[in-house]
Amino acid sequence: MQFGVFSVGDIAPDPITGYTYSEAERIQNIIKVAKRADEVGLDVFALGEHHNPPFVPSSPTTLLAFIAAETRRIVLSTSVTLMTTNDPVRIAEDYAMLQHVAKGRLDLMVGRGNTVPVYPWFGKDIRQGVALALENYNLLHRLWREDVVDWEGRFRTPLQGFTSTPRPLDDVPPFVWHGSIRTPEIAEQAAYYGNGFFANHILAPNFAFKPLVDLYRRRFEHYGHGTADQAIVGLGGMSFIARRSQDAVNAFRPYYENYPIFRGSRLEDHMAATPITIGSPQEVVDKVLTFREGFGDYQRQLFALDGLALPVEVALEQVELLGTEVVPVLRKEMESRRAPGVPDAPTHASLVAAKYGDAEPRQPRPNPNRGDNLSGTSPYQDSDPAIAAHFPEAF
Amino acid sequence: MNQPDPIAGHRVPDIGRALTIVAVSAGVSDPSSTRLLADRIAQKSIDALNAAGLRAVVTTIELGPLAVDIARSIVTGYPNEAAQAAIDRLADADAIIASTPVYKAGVSGLFKSFADLIDNDLLIAKPVVLAATGGTSRHAMVVDDQLRPLFAFLRALPVPTSLYAAPEDWGSPELGRRIERTAAELALILRSGVATQIAEDNWAGYQHQFGGSATRAERGIDDVDFDSDLMRLAAGGKPGSRAALRDAVRLDDPA
Numbered sequence: 001m002q003f004g005v006f007s008v009g010d011i012a013p014d015p016i017t018g019y020t021y022s023e024a025e026r027i028q029n030i031i032k033v034a035k036r037a038d039e040v041g042l043d044v045f046a047l048g049e050h051h052n053p054p055f056v057p058s059s060p061t062t063l064l065a066f067i068a069a070e071t072r073r074i075v076l077s078t079s080v081t082l083m084t085t086n087d088p089v090r091i092a093e094d095y096a097m098l099q100h101v102a103k104g105r106l107d108l109m110v111g112r113g114n115t116v117p118v119y120p121w122f123g124k125d126i127r128q129g130v131a132l133a134l135e136n137y138n139l140l141h142r143l144w145r146e147d148v149v150d151w152e153g154r155f156r157t158p159l160q161g162f163t164s165t166p167r168p169l170d171d172v173p174p175f176v177w178h179g180s181i182r183t184p185e186i187a188e189q190a191a192y193y194g195n196g197f198f199a200n201h202i203l204a205p206n207f208a209f210k211p212l213v214d215l216y217r218r219r220f221e222h223y224g225h226g227t228a229d230q231a232i233v234g235l236g237g238m239s240f241i242a243r244r245s246q247d248a249v250n251a252f253r254p255y256y257e258n259y260p261i262f263r264g265s266r267l268e269d270h271m272a273a274t275p276i277t278i279g280s281p282q283e284v285v286d287k288v289l290t291f292r293e294g295f296g297d298y299q300r301q302l303f304a305l306d307g308l309a310l311p312v313e314v315a316l317e318q319v320e321l322l323g324t325e326v327v328p329v330l331r332k333e334m335e336s337r338r339a340p341g342v343p344d345a346p347t348h349a350s351l352v353a354a355k356y357g358d359a360e361p362r363q364p365r366p367n368p369n370r371g372d373n374l375s376g377t378s379p380y381q382d383s384d385p386a387i388a389a390h391f392p393e394a395f
Numbered sequence: 001m002n003q004p005d006p007i008a009g010h011r012v013p014d015i016g017r018a019l020t021i022v023a024v025s026a027g028v029s030d031p032s033s034t035r036l037l038a039d040r041i042a043q044k045s046i047d048a049l050n051a052a053g054l055r056a057v058v059t060t061i062e063l064g065p066l067a068v069d070i071a072r073s074i075v076t077g078y079p080n081e082a083a084q085a086a087i088d089r090l091a092d093a094d095a096i097i098a099s100t101p102v103y104k105a106g107v108s109g110l111f112k113s114f115a116d117l118i119d120n121d122l123l124i125a126k127p128v129v130l131a132a133t134g135g136t137s138r139h140a141m142v143v144d145d146q147l148r149p150l151f152a153f154l155r156a157l158p159v160p161t162s163l164y165a166a167p168e169d170w171g172s173p174e175l176g177r178r179i180e181r182t183a184a185e186l187a188l189i190l191r192s193g194v195a196t197q198i199a200e201d202n203w204a205g206y207q208h209q210f211g212g213s214a215t216r217a218e219r220g221i222d223d224v225d226f227d228s229d230l231m232r233l234a235a236g237g238k239p240g241s242r243a244a245l246r247d248a249v250r251l252d253d254p255a
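Sequence order for the protein chains is A and B.
Residues in the first sequence are numbered consecutively from 1, following the numbering used here.
Residues in the second sequence are numbered consecutively from 1, following the numbering used here.
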């Protein structure tokens, strides 16, 4: 089972000192958190995508590429990549490039995004959000699996003879998680493709997302990817850890009570009613184990712990406590409870092994430029000659 | 559950089961005239249903004691335990009596805040009696101008006669007659089974939220229509015609 950190890169004034990080500081702090997560042995660092202050990561692939260069082992991911307002062609290109740069330590989580004005800013209509996410992913899926794509849909200009470059590393696309908290169509799409399904698991009552996860599991089985309990499920969650329970609550309280979305709420209510985990390492372990009881064996648990205006020193300490005192226990406990046959979350190595066995992975080598900046109807030396590009007629 | 009705195709409630009516009162004093009005409607409704051969049980949700729970639920974004319990009672009710004071020429903010917590599809085709009290008869139209559109949005089934009680009405037999008329309307709607029939026969046609609180809410694989245009798009995208897909665009709650 994978454990890690996810961040949306929010900035807010520290309620104790009044200090607000600059964007420059927050960007460097995100990098520090990711590096520390790698150092303490966490499995995943995921970064959100936002296009409005007070969030800083508008360009997750740029930031993750740098983090990839600065880390050794950790898998990089997103939380989430906007599948509605981004051009799926650019997602295919940017994340394939990032996958190469990160040498395969990459997957991504795609989602709709719920910031209303972002849709019109990018020329989209939020009321079409579900259809946009579904159609765009269908195209992305093909762009990473077919050398040459002809395509026509509702939301994007048609493609004729298009090859998304670079081809995915080893011709194995990054694993995709579909993030959703309310939309059965998104769960269905994840199940149809055999992709992962992730519920952010915050800001809602305990097990509010279970019906959706169960729907995904049943449909995963329906589409023949395995049994329902072998479906690839990820959960989020907020946490704040201190060695003594009351210290955790006391230290976290001002950050909770002053954060815009929690004003007027009570921390104790929130702790009792939702999956948030505030307390000693053992309390966090115990609470996370209840997630498994409710949702079944799952593959990925991410914690949001660097937001809510926490100073970076505190966030780094949180990563440290998570990596050294919580996750090692959780790994053992989860492993000992896990039913036989439940797989781990796919990684690049496991996907390469599944596709090629002991054979060498495909390494696409382009045909030469014909003089028109195109490589002809078969873009790669080993492209299937039966699948030829049909370019649009220019004149 | 249902037994044949003389009118072909209609299903009438099983008279062996007592109907449940939930009165929601947003009055804040004890006793309040808003609660008093709800109680009178409740008693007349029981009488009218009994006369029609149906048994009914009325319980009341006082919103005053839930005020803090309702406010916290609004700011946290989901109903807390106490608010959810009240919502569940509405979902399970056969009919609702909604009774609110008029403050500042409008329905009580407490009442509206509670209504704001309700799933959009919780009260589909649910018979509702609309009632309000106020300090002057000048606000009598608040019931039809504000309560009725609210329950129209929720696609509930408000009975035709609205009730409003100003101070002078408490001495007027006219109010009693209006209450009796309202109760008779409610009894007829309940006895006809039309509310159940509207909800059951057309459920898929309304917009729903997966995993919601409505009694018929989609909660699992058996409740979901996998043949919709969006679901076909989810399963790799063979959407039929582009026009069909255009029509499938759903007005999603962006929040």
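You may find that some hints are simply not true.
[What the hints assert, rightly or not] To give an idea of the interface, some chain B residues facing chain A are shown, with a C-beta separation under 10 Å as derived from the structure:
#, residue
1, 74
2, 144
3, 220
Simulated from the structure, these hints should not be mistaken for lab results.
Model, not experiment: these values are computed from the prediction.
From the three backbone atoms N, C-alpha and C, an ideal C-beta is built for every residue, glycine too.
Tested hints:
no. : hint : verdict
1   : 74   : holds, 8 Å
2   : 144  : violated, 31 Å
3   : 220  : holds, 6 Å
The structure does not agree with numbered hint 2 stated previously, though it agrees with all others.
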